[in-house]
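*Asks:* If you want the building blocks of each chain, they are given just below.
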Amino acid sequence: MSKGLKADVEKCTGCQICAIVCSAHHTGKFNPSESRINVLDMFPEPGEVKLNYCIHCDEHPCVEACPAEAIKLNEELGVYYVDREECTGCGACVEVCPYDGCWMDPSESYAIKCDLCGGTPQCVEVCPKGVLKR
Amino acid sequence: MMADGYTGNILRVDLSEEKVSTEPINREWARQFIGGKGLGARYLFDELKPGTDPLSPDNVLSVWTGPLVGTMVPLTSRYVVITKSPLSGTFLDTYAGGYFGPELKYAGFDAVIVKGKAPKPSYLWVNDGKAEIRDAKGVWGKDMFRTEELLREEVGHSTARVAGIGQAGEKLSRIAGVTSDITRNAGRGGAGAVFGSKNLKAIVAKGSFGVEVPKIEEFVKMAKHMLKTDVVDNPEHAGLVTDGTPIIVDMSQDAAILPTNNWHSGQFDGYQGIDSDALKNRVFVRKKACFGCGIACGSWAKVKDGPFKGSSTEGPEYETLGLAGSNCGIMNIEAVVRFAEDCDRLGLDTISAGAAVGFAMDIYEKGVITKEDTGGLDLRFGNEEAYAKMPEMIAERSTRIGDLLAEGALRAAKAIGKDTEKLVIHSKGSEYPAYDPRGSIGMALAYATSDRGADHNRAWPVASDAYGDGDPWSTEGKAAICHEEQMMKSYKWSMIFCDFYGVSPENMAMYYTAVTGLPADADWLKAVGARVWNLVRAFNVREGFLRKDDSMPERMETEPLPSGKTEGKSVSRAAFDEMLSEYYKLWGWDDEGRPTKRTLEEAGLQEILGELDYLK
Ligand code: SF4
Ligand code: SF4
Chain A
1 MSKGLKADVE KCTGCQICAI VCSAHHTGKF NPSESRINVL DMFPEPGEVK
51 LNYCIHCDEH PCVEACPAEA IKLNEELGVY YVDREECTGC GACVEVCPYD
101 GCWMDPSESY AIKCDLCGGT PQCVEVCPKG VLKR
Chain B
1001 MMADGYTGNI LRVDLSEEKV STEPINREWA RQFIGGKGLG ARYLFDELKP
1051 GTDPLSPDNV LSVWTGPLVG TMVPLTSRYV VITKSPLSGT FLDTYAGGYF
1101 GPELKYAGFD AVIVKGKAPK PSYLWVNDGK AEIRDAKGVW GKDMFRTEEL
1151 LREEVGHSTA RVAGIGQAGE KLSRIAGVTS DITRNAGRGG AGAVFGSKNL
1201 KAIVAKGSFG VEVPKIEEFV KMAKHMLKTD VVDNPEHAGL VTDGTPIIVD
1251 MSQDAAILPT NNWHSGQFDG YQGIDSDALK NRVFVRKKAC FGCGIACGSW
1301 AKVKDGPFKG SSTEGPEYET LGLAGSNCGI MNIEAVVRFA EDCDRLGLDT
1351 ISAGAAVGFA MDIYEKGVIT KEDTGGLDLR FGNEEAYAKM PEMIAERSTR
1401 IGDLLAEGAL RAAKAIGKDT EKLVIHSKGS EYPAYDPRGS IGMALAYATS
1451 DRGADHNRAW PVASDAYGDG DPWSTEGKAA ICHEEQMMKS YKWSMIFCDF
1501 YGVSPENMAM YYTAVTGLPA DADWLKAVGA RVWNLVRAFN VREGFLRKDD
1551 SMPERMETEP LPSGKTEGKS VSRAAFDEML SEYYKLWGWD DEGRPTKRTL
1601 EEAGLQEILG ELDYLK
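Chain order of the listed sequences is A and B. Take 1 as the starting number for the first sequence in the working numbering and just add one per residue. Take 1001 as the starting number for the second sequence in the working numbering and just add one per residue.
No lab work stands behind these hints: they were computed from the structure. Ideal Cβ placement from N, Cα and C applies to all residues, glycine included. Where hints are given, some of them may not hold.
Below are the DSS-like pairs computed for lysine-lysine, each with C-alpha atoms no more than 27 Å apart in a straight line [unchecked claim]:
hint	chain 1	residue 1	chain 2	residue 2
1	B	Lys1302	A	Lys50
2	A	Lys11	B	Lys1221
3	B	Lys1228	A	Lys6
Simulated DEER-style distance windows between Cβ atoms [what the hints assert, rightly or not]:
hint	chain 1	residue 1	chain 2	residue 2	range
4	A	Glu45	B	Gly1517	40 to 50 Å
5	A	Asp100	B	Gly1156	42 to 52 Å
6	B	Thr1159	A	Tyr99	15 to 25 Å
7	A	Arg84	B	Ala1003	14 to 24 Å
Where chain B lies over chain A, by a calculated footprint (3+ residues, C-beta under 8 Å) [unchecked claim]:
hint	region
8	14 to 20
9	23 to 36
When you get a sec, could you build the whole thing from the sequences and use the hints?
*Replies:* Below you can see the structure in the form of structure tokens.
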């Protein structure tokens, strides 16, 4: 079983509050473009919302793809995170992730993905519709 | 960037010269007027020459956010278009939620101020502190659904946010709005025509600068707490969470103030075909929220079967169900969804468009216009097929009636003559929203004194007099309600909160301080509200508006309603005048409705005294 967040996306309203708080937690600014969860409101067609984030899949091809060994294991949580200091910004992880779970920061200089906020994911706490679960 | 919510930058665009530039925001004014309505009004007052034709290159078109926009303060995702209205000739501030406002800030700007007229159809691309005027030939003539799609491709950002005009704005319809995020509209007052008159198709924004506040950790803690206790669990929001504004249809039917068949009745036999249950049972798909909103009042709706199959919209909202539903005799929610979708696509205000179509149906039934004027349509009340073709006819100005209605109902009536003007229900040329004053007398005053022409978003006395336990026909206290609420909304719209957040003045002040680091309390906010409302009033007086323009349509007095709680009820001219005089006194205005020198000084508006001829 993957260790990432679960989402009941049918209930998602596209409010972006998860992305707002995620960016605040990780960057000290309100800046959804640097969020580790990406909310895509797709209207009028297909008339759905899509949530992209690292699901912490068991296979984690991103870890193997990274030439700088910058994607490291958080042993306590058993999930992999991007070590920004060591990430060279090559984008290999972004390419191999089958779940659109990992992408480049807007500066294009390093990859970002969900790190479960060290154990208490902020988005789960704030989602007003109970969409996200740990 | 200072960590105080503001980006600190205004984007200046001169379309005639094809130049863009950035200037720092006026900090002194920002402290006096906050942002949104107030700050935008201050700049407009300063930069617009009185008497300017709203559709000339000299009109100033501006788009404003506020310091709270883009932060985690709930329900502050809005932007406002501020300009001079081509519909009413007054000051115009028209708002939309969705995602465009925050994106503009993330792209580096608190506001965009546009002047002049582009030599050819153009759009503005705003991205991380830079802006570019670009050729719009690929999207001119296209609706806003398609325009958003194409412009996202052109700028190479699939999540760029787009605010722009459909065919209605391009063809200078005075009831054209600005559509953003395809279904969110800065609808009222004809802002879309101002875009069109400048050859400006759209503003496209994408940003990664973010917004900063002084103490982010404390801030997030506070915002989480407020989101839960003041938004999600706030009992005031319950109806909005479960139903949204369509819940009001049944309330208005019961109070007998639901505009029906061009205001000839306050009750509609077919109301169950367009109420909240009809929406939920027949067309509802999912709930939809604006940026940062824990309520999600919006419903994504789609027609599953029948002649309107495939049509979809966000809503329809109560005003649309009233003006474009019951007021056109339409008892089928699916037809209203089609009408609303077309208005979103083509860029028409559903209130004004619905009212205009209701008016046209009225004069068609009376034989004033015929099939020759309607392109062969049998434009009777309740004829869904004819009704559904009207938005396109108005936006494209096809057929005589389409071309006339594009000017708004009042101008259409003036052109048609034959005593049809009295059939138009408006104040200052702006069509009434969906609350009949004959069962809520306070609304007559609210409409008459709304700064942008008849409107429900400045004061809403109907809440207590028709929906609450007040007396709907007593004038007592109505002036005070309008005065209080207009003051409150003036600062609420300067911050700029969504109408539906039942946030207390104390909490608004708390949010302001958390974002800007500057002191504030409820009294200070009131002072800002009074400053803003007086400034806007002074703007309108400078444009020549006087007591005679704070008007109520004749039929509110001469045509009593036929059924239900409002049977036999009307609003007497004397009662209306009495409320108006009392209202002027409360604001410290003279008998003509002009702010006195003392009132302006007390409001901290010394700076503008020299601009007002009547004070000389
Ligand atoms: S980034 Fe993608 S590949 Fe890597 S662990 Fe997350 S979901 Fe798996
Ligand atoms: S906070 Fe919840 S409802 Fe809002 S976008 Fe995120 S997952 Fe969807």
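*Asks:* For every hint, state whether the structure bears it out.
*Replies:* The hints, checked one at a time:
1. With a C-alpha separation of about 19 Å, the suggested pairing of lysine 1302 of chain B with lysine 50 of chain A holds against the 27 Å cut-off.
2. For a cut-off of 27 Å, the pair hint linking lysine 11 of chain A to lysine 1221 of chain B stands: about 25 Å separates their Cα positions.
3. Annotation: proposed proximity of lysine 1228 of chain B to lysine 6 of chain A holds, straight-line Cα distance about 21 Å (limit 27 Å).
4. Between glutamate 45 of chain A and glycine 1517 of chain B the beta carbon distance is about 44 Å. The supplied range of 40 to 50 Å therefore holds.
5. Judged by the Cβ atoms, the range 42 to 52 Å given for aspartate 100 of chain A and glycine 1156 of chain B is violated: they are separated by roughly 18 Å.
6. Judged by the Cβ atoms, the range 15 to 25 Å given for threonine 1159 of chain B and tyrosine 99 of chain A holds: they are separated by roughly 18 Å.
7. In this structure, arginine 84 of chain A and alanine 1003 of chain B meet the distance hint of 14 to 24 Å, their C-beta atoms being roughly 22 Å apart.
8. Only when three residues or more bring their CB closer than 8 Å to a CB of chain B does the claim for the region 14 to 20 of chain A stand; here the count is 5, and the claim holds.
9. Counting residues of the region 23 to 36 of chain A whose beta carbon lies closer than 8 Å to any beta carbon of chain B gives 11, which meets the minimum of three for the stated coverage.
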